[in-house]
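Visitor: Each chain is listed here by its residues.
Protein chains: 2
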Amino acid sequence: MLIDEMIVTPIALIDPPLLNAAGLHAPYALRVIVELHTDNGLYGLGEVPGGQDVAEALTAVRSVVIGSDPFHYNVLHRAIGAKVVQADGPRGDFPWDLRIVTLVRSAVEVACLDLIGKQTERPLVDLLGGKFRDSVPFSAYLFYKYEGAGGALGFGVDKNANGWSAARQAAALDPAGVVAQTKAMVDAFGFQSIKLKGGVFSPDQEVAAMFALRDAFGADVPLRLDPNALWSVETAIKAGRQLDGVLEYYEDPVRGQQAMADVRRAVKLPLATNMCTTSFADMPGSLTLGSEDIILSDHHAWGGVMASVHLAKMCEVFGRGLSMHSNSHAGISLAAMVHLAAAVPNLTYACDTHYPWQSEDVIVGGQIQIKDGAVKVPDKPGLGVELDRAELARLHKQYVDSGLTRRDDAVEMKKVDPTWAFKPTRW
Amino acid sequence: MLIDEMIVTPIALIDPPLLNAAGLHAPYALRVIVELHTDNGLYGLGEVPGGQDVAEALTAVRSVVIGSDPFHYNVLHRAIGAKVVQADGPRGDFPWDLRIVTLVRSAVEVACLDLIGKQTERPLVDLLGGKFRDSVPFSAYLFYKYEGAGGALGFGVDKNANGWSAARQAAALDPAGVVAQTKAMVDAFGFQSIKLKGGVFSPDQEVAAMFALRDAFGADVPLRLDPNALWSVETAIKAGRQLDGVLEYYEDPVRGQQAMADVRRAVKLPLATNMCTTSFADMPGSLTLGSEDIILSDHHAWGGVMASVHLAKMCEVFGRGLSMHSNSHAGISLAAMVHLAAAVPNLTYACDTHYPWQSEDVIVGGQIQIKDGAVKVPDKPGLGVELDRAELARLHKQYVDSGLTRRDDAVEMKKVDPTWAFKPTRW
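In the order they appear, the protein sequences are chains A and B. Each residue of the first sequence is one higher than the one before, starting from 595 at the first, in our numbering. Each residue of the second sequence is one higher than the one before, starting from 595 at the first, in our numbering.
Chain A extracted, bound-state conformation (with noise of 0.2 Å):
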């Protein structure tokens, strides 16, 4: 089995106007799709965030990429990491991670890891050896939001949604907002964990929104409360004193190892990251300043499923806790998530999802269904999903239309307030 095809399509899902730390969601959100097809008449898929660059650089290892067997995803690995002109570089400070080299090597890596499944007849997570759960818990991910359905509809709202889907276009300004929106979500999907995106508003309505979220769920729902690394180290002890005992976990309220170590000392939160340590070349750092509790992983960003479970081990040894982070994705990442984190036996903290924000996919049968707050692994051989080829080429063309080529939430912010401008820090 040999890839002979490898084809990259970038695409745009509708996105609803979503604040975080970086500014505003655009109306689009950009992925990459990557099909590997093979000589026996298979085909693998992988999904990477990214737009334009992302694309090219995927483009770019096409030579290296076909010709290979999907076995030798090692191999392949480096023979990618030969081929990029420029290697990584450090995270960044924005929210999301746009590493180009780490997401070509995801992408590839996922598609030549469903590809073995489809020859083998197996699903993803039985090449990781075996499921520890039939299903993978997700929490409620919150943000606040400007009314708007995002799309061509941008800040405009469909008069016909109802359900989910209203409460989805509906504003959330506020703590009560936020628990309206928190309501729906729940109601929707079931899910039995919260996290709210924050460093949008100061840290005291953040707080607030907290404290409303434990008062309108009870103790017994975990919380969590993400900054997004812009709070000060300062603000970030203050406002963990005020939730101790109220999150779950305290998910980067601060810049860097050493200001999340600072922060850990002083209040008695659990910190988790997926800001501060974010690949392997972090991990020393990590273990020297003692950064935080639990790590979030994610495929796209570290580098594959392979490389996922690696730091899964690694957090076993090194008493790490293990959540996951998502950004806005479709289907096939989704898939990919959900085998992986049905394989980690330490994976013990309901994943992320950005999944009930988006609308649109681009597999067979449209968006896995989310139920009782969690996926049910697929049992079908690779990550279990199927291209549907028109919804691609729709949405192909939705990302041409758009204009749009990377991700930039400070443009959409300034479209709403021109004097926005982003700080690595803000209180």
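Please keep in mind that the hints were generated in silico from the structure rather than gathered at the bench. Among these hints, one or two may not hold up.
Pairwise CB distance ranges, derived in the manner of DEER restraints [unchecked claim]:
{"id": "1", "chain 1": "A", "residue 1": "D838", "chain 2": "B", "residue 2": "L596", "range": "26 to 34 Å"}
{"id": "2", "chain 1": "A", "residue 1": "G839", "chain 2": "B", "residue 2": "R835", "range": "56 to 64 Å"}
{"id": "3", "chain 1": "B", "residue 1": "L596", "chain 2": "A", "residue 2": "V958", "range": "27 to 35 Å"}
{"id": "4", "chain 1": "B", "residue 1": "D809", "chain 2": "A", "residue 2": "E715", "range": "56 to 64 Å"}
{"id": "5", "chain 1": "A", "residue 1": "G661", "chain 2": "B", "residue 2": "G661", "range": "51 to 59 Å"}
{"id": "6", "chain 1": "B", "residue 1": "V840", "chain 2": "A", "residue 2": "Q852", "range": "40 to 48 Å"}
{"id": "7", "chain 1": "A", "residue 1": "E715", "chain 2": "B", "residue 2": "R983", "range": "26 to 34 Å"}
{"id": "8", "chain 1": "A", "residue 1": "E715", "chain 2": "B", "residue 2": "G661", "range": "43 to 51 Å"}
{"id": "9", "chain 1": "B", "residue 1": "L596", "chain 2": "A", "residue 2": "D752", "range": "46 to 54 Å"}
{"id": "10", "chain 1": "B", "residue 1": "A782", "chain 2": "A", "residue 2": "G661", "range": "33 to 41 Å"}
{"id": "11", "chain 1": "A", "residue 1": "S759", "chain 2": "B", "residue 2": "A654", "range": "52 to 60 Å"}
{"id": "12", "chain 1": "B", "residue 1": "G661", "chain 2": "A", "residue 2": "G750", "range": "52 to 60 Å"}
Chain B side only, calculated, beta carbon under 7 Å to chain A, not exhaustive [claimed, not checked]:
{"id": "13", "residue": "F665"}
{"id": "14", "residue": "H666"}
{"id": "15", "residue": "D720"}
{"id": "16", "residue": "V751"}
Just so it is clear, CB atoms sit at the ideal spot from N, CA and C, and this is done for glycine as well.
Use these hints to put chain B onto chain A, whose structure you have.
Guide: Relative to the frame of chain A, chain B by itself:
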């Protein structure tokens, strides 16, 4: 594909009278062979050190292994842990490592991987992401020894032996003997690295042996000395300074991570270990203390091939070199070692193997060939070796007839010197 039978067979392989820190090899080395049979007519093989205890522990987990899917080996790892009566304790003071739960897991996992490879018609290395090398280099593994063939001949020699077989039976009790042994082994197998098992004679004599090897083979041939943790820190520092520029690495001169770290700070030679950092539980201490530069992997002692892949990644991430440890073994173990070593990009040292000291095997076709100091990575499905059931039966009978049930090199040593006693630190 479900496992419907598990056959556990202890065997004894003829082993010559090799000297080491804990005494003298018995006339037979004990191994346990595991066969897992499946309902679709396949069988998979595993091999681990150990006699009666290990065979009994393996037999005790039959009920959790039978009925399992070989693809679910990680889930099986956990089930085995839940089934065993007693968890593994510390590694112990001897050169060999007989932590039983770990050995049970390794034997079962390797047999599962062999089955997966056979089912998918892929060599084991392809289940690990593909091979980084087509053949795996091994080092010449030299021992001080008494004259003798082992087995029924014991300290006697086979007068018809020739070539390496004759040299294998010769005594090597001083530097000249070691050089003669090395020349014969290098001539026969083409090894390009040389390791001497020390901890037998005075440090001065062993240092002299390394200089004699350097003089005989030249400065370009990598040399290693392994006193098996028998030296004091003071002795190890003195010898390490004498051997500066002579050794490629200095393996376990002293006992424990703290003593290793003390020696490491005082000498320029890279320190290697398979005695102080021997499990994932030891990794935090290794990093905190800085106890070694190089870890000798061993899929038997770390709980399987996948565990060893994790170890390899940790070595890459935390700045440890990676080599491979061995005990007296047959071809099933060698095949697994070769697949593992081929799949790990950072396994950059020639691996250890006792294989030239053995003359019997349980695999069809007899012993695997070592040529130019390396073993070609098998390209047949799974491990790429088949079980010779007649030889298995004969070697099992040899086990029963030997009367040996567990390794105890002190027993053998006392037959030579009744006053001999093991000391954790001798010099």
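Visitor: None of the hints should be skipped; say for each whether it holds.
Guide: Hint check:
1. The beta-carbon spacing between D838/A and L596/B, approximately 50 Å, falls outside the hinted interval of 26 to 34 Å.
2. Checked against the hint of 56 to 64 Å, the C-beta distance between G839/A and R835/B comes to roughly 57 Å, which is consistent with it.
3. In this structure, L596/B and V958/A meet the distance hint of 27 to 35 Å, their C-beta atoms being roughly 31 Å apart.
4. For D809/B paired with E715/A, a C-beta distance near 59 Å keeps the hint of 56 to 64 Å intact.
5. The hinted window of 51 to 59 Å between G661/A and G661/B is violated, with their beta carbons roughly 41 Å apart.
6. Separation of V840/B from Q852/A is about 42 Å and conforms to the stated range, judged on CB atoms against 40 to 48 Å.
7. The supplied range of 26 to 34 Å is met by E715/A and R983/B, whose beta-carbon atoms lie about 31 Å from each other.
8. At about 20 Å, the beta-carbon gap between E715/A and G661/B misses the expected band of 43 to 51 Å.
9. Separated by about 51 Å at the C-beta atoms, L596/B and D752/A satisfy the suggested range of 46 to 54 Å.
10. Between A782/B and G661/A the Cβ separation comes to about 39 Å, which falls inside the hinted range of 33 to 41 Å.
11. Roughly 56 Å separates the CB atoms of S759/A and A654/B, a value that falls within the hinted 52 to 60 Å.
12. Range check, G661/B to G750/A: about 58 Å between beta-carbon atoms, so the 52 to 60 Å window is met.
13. Interface hint status for F665/B: upheld, as the beta-carbon distance to the closest one in chain A is roughly 4 Å, under 7 Å.
14. Interface hint status for H666/B: upheld, as the beta-carbon distance to the closest one in chain A is roughly 3 Å, under 7 Å.
15. Among the interface hints, the one on D720/B holds; its C-beta lies about 4 Å from the nearest C-beta in chain A, closer than the 7 Å criterion.
16. At a threshold of 7 Å, the smallest CB-CB gap from V751/B to chain A is about 47 Å, leaving the interface hint violated.
The structure does not agree with the numbered hints 1, 5, 8, 16 stated previously, though it agrees with the rest.
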